[in-house]
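Asks: Residues per chain, in single letters:
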Amino acid sequence: MTTEEKYVAAAYLVVFAVLLLYVVIMAAKVTRLGRDVAELTELAREKKRSEEPAKAVPKQVKVG
Amino acid sequence: MSTWLRNNPVTALAVLTAALLTASIALIFFYAPVDADGLNQKIFYFHVPIALTSYACFGWGALKAFMHLWKRTPTADLESYVAIHQGVIFGALTLVTGSIWAKVRWGTWWTWSDEQLVLFLVLFLFYCAYFMLRFSVDPGPQRANLCAVYALFGVVLIPISFLAIRLANSYIHPTVFRSSGPAMATSQFATFCVAWAAMLSLAYFLYRFELAGKRLDANLKELRELLA
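Chains B and L, in that order, are what the protein sequence lines are. Sequential numbering from 1 applies to the first sequence in this note's numbering. Sequential numbering from 1001 applies to the second sequence in this note's numbering.
Next up, chain B with everything else stripped away, as it sits in the complex:
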C-alpha cells in the first residue's frame, strides 16, 4: 500500500468511524429511553393498583 493510498483510506475511514460513533451514541440513548419507558410503565401500574382498592371499598348502607 502506497502512502497516498493510506491517506485516502484514512480519510474514508475517519468519516465511517465518526458515523459509527454517532450510531453507537444514539443506540445508547435509545437503550436509556427504553429503560425510562419501562420504569414509567411500572410507575403507572403501581399508581393504578393503589387506586383500585380505594374504588373497591363498598358503600356503607344504613339498615333500619
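Read the hints as simulated data drawn from the structure, not as lab findings. Note that the Cβ used here is the ideal one computed from N, Cα and C, for glycine as well. There's no promise every hint is true.
Said to hold, decoys possible - Label pairs and their in silico Cβ distance ranges:
hint, chain 1, residue 1, chain 2, residue 2, range
1, B, 5, L, 1023, 46 to 56 Å
2, B, 19, L, 1223, 28 to 38 Å
3, L, 1163, B, 32, 39 to 49 Å
4, L, 1139, B, 4, 41 to 51 Å
5, L, 1140, B, 32, 16 to 26 Å
Fit chain L to the supplied structure of chain B, relying on the hints for placement.
Replies: Below, chain L without anything else, positioned relative to chain B:
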C-alpha cells in the same frame, strides 16, 4: 408500500441513505477515473459534499431560527438546535478530511495563509460556541430567542466562506466549480452528484433520527412529571 413509507419515514430514509452511500463508494472507486492529480483526488468526492452538507445544515438551522423568531413555531427552536448539531458534526468531518487531503497534496496538515480554510474554521468555531451559549442559559423562551439570534448571525459567514476562494488572492485551495461550469469530466461530476446526494440524505436521516429521540425524551420527562 406507500402506507409503509408514510408510517416509517425515518426507516425509509435510512434505507435510501445506505443505498446512496453504497452507490457513491462504488462509483468513486470503480467508475470515476483517476485524473492527473493522482489517487488523492478521490478524497474530493467525500470532502466537498460533506462541506456543502455542513453549509446546508447551518442554513437549515438558521431558517428554523428565523421561523422561531418570526412565526413562533413551537418546534422550531429544537429543530434549529439539531440542524446546527448536524452542521458541526459535518463541519468537523470537513476539517479532518480536508487536513488529510492537504497533507497528501500540499505536504502540510493546515495552512493559515488560505482564506477558505481559515473562514471555514471560523464558521465551525462560531457554531461550536452556539452550544456554549445554549447550555449556559436555563431552558425557556429567553434561551430559544438568544440561540435563534445567534444562529442567524452565523449564517452570514456561509456565503463569505463559500465565496472566499473566489475572492482570495492565494490559489492553494483548488476551485472546481466556476462560472463556466464544473472543471471535471462528466463521469467525475456524476459521481460527485451521487456522493453529495448521499451526504444530504445522511444528514437528513441523522437530523430526523436525533429529532425523534429528543422529542421522545421531552415527552417522557413530561410523563414522569405527570405520574409523580
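Asks: All hints, please: hold or fail.
Replies: Structure-based check of all given hints:
{"no.": "1", "hint": "B:5 to L:1023: 46 to 56 Å", "in the structure": "violated, 22 Å"}
{"no.": "2", "hint": "B:19 to L:1223: 28 to 38 Å", "in the structure": "holds, 32 Å"}
{"no.": "3", "hint": "L:1163 to B:32: 39 to 49 Å", "in the structure": "holds, 43 Å"}
{"no.": "4", "hint": "L:1139 to B:4: 41 to 51 Å", "in the structure": "holds, 49 Å"}
{"no.": "5", "hint": "L:1140 to B:32: 16 to 26 Å", "in the structure": "holds, 24 Å"}
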